[in-house]
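Peer 1: Whole structure, please, built from the sequences with the hints as guidance.
Here is what each chain is made of, one letter per residue.
There are 2 protein chains.
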Amino acid sequence: MTAQIIDGKKIAQDLKIKIAKEVKNLQEKHHITPAIAVILVGDDPASKVYVGAKERQAKEVGMNSLQINLADNISEIELLDKIKKLNSDPKIHAILVQLPLPKHINSDKVIETIDPNKDVDGFHLINVGKLTIGKIDEATIPCTAIGSLHLINEIEPDITGKNILVIGSSNIVGMPLSRLLMHKKATVTIANSKTRNLKFLCQNADIIISATGVANLVTADMVHENSIIIDVGINRITKKDGTTKLVGDVDFDGCYPKVKAITPVPGGVGPMTIAYLLQNCLYLCIKRL
Amino acid sequence: MTAQIIDGKKIAQDLKIKIAKEVKNLQEKHHITPAIAVILVGDDPASKVYVGAKERQAKEVGMNSLQINLADNISEIELLDKIKKLNSDPKIHAILVQLPLPKHINSDKVIETIDPNKDVDGFHLINVGKLTIGKIDEATIPCTAIGSLHLINEIEPDITGKNILVIGSSNIVGMPLSRLLMHKKATVTIANSKTRNLKFLCQNADIIISATGVANLVTADMVHENSIIIDVGINRITKKDGTTKLVGDVDFDGCYPKVKAITPVPGGVGPMTIAYLLQNCLYLCIKRL
Numbered sequence: 413m414t415a416q417i418i419d420g421k422k423i424a425q426d427l428k429i430k431i432a433k434e435v436k437n438l439q440e441k442h443h444i445t446p447a448i449a450v451i452l453v454g455d456d457p458a459s460k461v462y463v464g465a466k467e468r469q470a471k472e473v474g475m476n477s478l479q480i481n482l483a484d485n486i487s488e489i490e491l492l493d494k495i496k497k498l499n500s501d502p503k504i505h506a507i508l509v510q511l512p513l514p515k516h517i518n519s520d521k522v523i524e525t526i527d528p529n530k531d532v533d534g535f536h537l538i539n540v541g542k543l544t545i546g547k548i549d550e551a552t553i554p555c556t557a558i559g560s561l562h563l564i565n566e567i568e569p570d571i572t573g574k575n576i577l578v579i580g581s582s583n584i585v586g587m588p589l590s591r592l593l594m595h596k597k598a599t600v601t602i603a604n605s606k607t608r609n610l611k612f613l614c615q616n617a618d619i620i621i622s623a624t625g626v627a628n629l630v631t632a633d634m635v636h637e638n639s640i641i642i643d644v645g646i647n648r649i650t651k652k653d654g655t656t657k658l659v660g661d662v663d664f665d666g667c668y669p670k671v672k673a674i675t676p677v678p679g680g681v682g683p684m685t686i687a688y689l690l691q692n693c694l695y696l697c698i699k700r701l
Numbered sequence: 413m414t415a416q417i418i419d420g421k422k423i424a425q426d427l428k429i430k431i432a433k434e435v436k437n438l439q440e441k442h443h444i445t446p447a448i449a450v451i452l453v454g455d456d457p458a459s460k461v462y463v464g465a466k467e468r469q470a471k472e473v474g475m476n477s478l479q480i481n482l483a484d485n486i487s488e489i490e491l492l493d494k495i496k497k498l499n500s501d502p503k504i505h506a507i508l509v510q511l512p513l514p515k516h517i518n519s520d521k522v523i524e525t526i527d528p529n530k531d532v533d534g535f536h537l538i539n540v541g542k543l544t545i546g547k548i549d550e551a552t553i554p555c556t557a558i559g560s561l562h563l564i565n566e567i568e569p570d571i572t573g574k575n576i577l578v579i580g581s582s583n584i585v586g587m588p589l590s591r592l593l594m595h596k597k598a599t600v601t602i603a604n605s606k607t608r609n610l611k612f613l614c615q616n617a618d619i620i621i622s623a624t625g626v627a628n629l630v631t632a633d634m635v636h637e638n639s640i641i642i643d644v645g646i647n648r649i650t651k652k653d654g655t656t657k658l659v660g661d662v663d664f665d666g667c668y669p670k671v672k673a674i675t676p677v678p679g680g681v682g683p684m685t686i687a688y689l690l691q692n693c694l695y696l697c698i699k700r701l
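Going down the list, the sequences are from chains D and P. Just so we're aligned: the first sequence equals residues 413 to 701 in my numbering. Just so we're aligned: the second sequence equals residues 413 to 701 in my numbering.
These aren't lab readings, by the way, just hints derived from the structure by calculation. Please note: incorrect hints may appear among the correct ones.
Identical copies go unnamed one by one, so any copy, or any two together, can satisfy a pair.
Stated by the list, open to error - The calculated lysine to any residue pairs, modelled on SDA-like cross-linking and capped at a C-alpha distance of 25 Å, are:
#, residue 1, residue 2
1, K515, G546
2, K596, G546
3, K422, R608
4, K460, G474
5, K436, G573
6, K436, A627
7, K597, D520
8, K433, A447
9, K672, P512
10, K515, G654
Peer 2: If you want it as structure tokens, here you go:
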């Protein structure tokens, strides 16, 4: 039996086609074009790549994208003012501040200044709170978390009663994803760097999600023929010949022959994150109608 | 070996002695007395008992307690106005609205109207969000959740890497307690009514917390000699002779001889809930200094 490779690139592409249709529909019926404002402070090369990809894909689905580049030495108060202006701009439906920010700026304050109804990342306390108490439909959900759930549902549409192991409890992925899975009535275990019996927990899980940033954390001896593996990690490792390579948290080559389904890195969760950014932007725009 | 019975009544009493000292200290040094306003809508007998106990114990530790009784048919807007007045009253540090409310009143709206800095129950979205993202020190934590953690720590001061099973994922207990345990680097599994393998999960847990309201859910065959059991359930059952009795979710008589430590019902988690209500009131008062 060969494992199914969960093709995040293809699934994200299908989702974006749906989003593009809805955007067109909104334009035709309501003369509104969803618009996202992306704020980039400084010129970190990795951040520039991310912001560029977000802008390009927003335009691909027919959305308006406003990129705002601010100097590295902008004051916190100037940045907050910029956000407040976007909050009150009726033509902007979604605001994203690319993280990390320079050290002299308090990221929490920045996130809390974004109007929760324009908070496309779902990081504002009000959105976090809504997700936590189960008001899923009223919250914006962090993109990587909801994108990972989408990939799980491609293989397992009903996760009621499934044993799911989430490795890593970050606020961006592990924590919101755990909450989504609980909402769907899965039995969820959240492991962290102090977990003693990771192999045992993996072996007893129907679905394993790893979001730690530790390469080769999940290996072939930990999985079984019914394992579904969602690999959220992105790690750059150096190969023997000195070149580098992107890998996830999971030993893909070792696990692939043994499991039911697995996401590749790259091409698994990654593409879903941006697709759900667009989905969230669409959702925030529709909510305003 | 005999199990240790975790004496919540005694532990709560000790905590209240500490709180009373701090209240006295605040009065002497800052001429401030922590004050809690408790709003009771209607005359549900159980709610009246709870509210009475809260008021009595607040006074016992030297706090001011303002009980506000409102008629069953009060309009939502009148109730919200009452809360807003308390929000802006500098002599009130903590506000509690006794739940459940009559059906014509939207409880969520009521909770969101309470100033997060006076939200003694920790139910406001901002407090839920802060707890979820790990800003524990800035949040008010729901009383039963933090009270349960206190009982665990009496037996196990360091829960790093411990396998903890939380049965029930309510917003009042299971969810916030899970988050607290994760924050302390425990490996947490959250089970619910659809969980397939509860016995297996119990057997593999160092600590079991049950908060479901299902009597006899955890039985002797599920536990082992190192199990620590925190029973949050309160269920009234009818005995063979027709009289009724309060029990938890755990078969206490069956489990007690087999485990390391266990909370009784009543006298376990229950007393901790009110003690932490007072602790939260004290915390909110100190925060304002």
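Peer 1: All hints, please: hold or fail.
Peer 2: Now for the hints, and whether the structure bears them out:
Taking CA atoms no more than 25 Å apart as the test, K515 paired with G546 passes between copies only; the shortest distance there is 20 Å, against 34 Å inside one copy. In this assembly of identical chains, the alpha carbons of K596 and G546 lie at most 25 Å apart whether taken from the same copy (10 Å) or from different copies (23 Å). Taking the shortest Cα distances, K422 and R608 never come within 25 Å of each other, neither inside one copy (37 Å) nor across copies (33 Å). When the C-alpha separation of K460 and G474 is checked against a cutoff of 25 Å, the pair qualifies only within one copy, where the shortest distance is 21 Å, while the shortest distance between copies is 58 Å.
For the identical chains of this complex, K436 and G573 are neighbours neither inside a copy (39 Å) nor across copies (51 Å), given an alpha-carbon limit of 25 Å. Taking the shortest alpha-carbon separations for K436 and A627, neither the intra-copy value of 41 Å nor the inter-copy value of 55 Å comes in at or below 25 Å. Within a single copy, K597 and D520 get their C-alpha atoms only as close as 31 Å, which misses the 25 Å cut-off; across copies the closest is 23 Å, which meets it. Taking CA atoms no more than 25 Å apart as the test, K433 paired with A447 passes inside one copy only; the shortest distance there is 15 Å, against 56 Å between copies.
Proximity of K672 and P512 under a CA criterion of 25 Å is satisfied in neither setting, with 36 Å inside one chain copy and 46 Å between copies. Within a single copy, K515 and G654 get their C-alpha atoms no closer than 32 Å, and across copies no closer than 67 Å, so neither meets the 25 Å cut-off.
In the structure shown, a violation is registered for the earlier hints numbered 3, 5, 6, 9 and 10, in ascending order.
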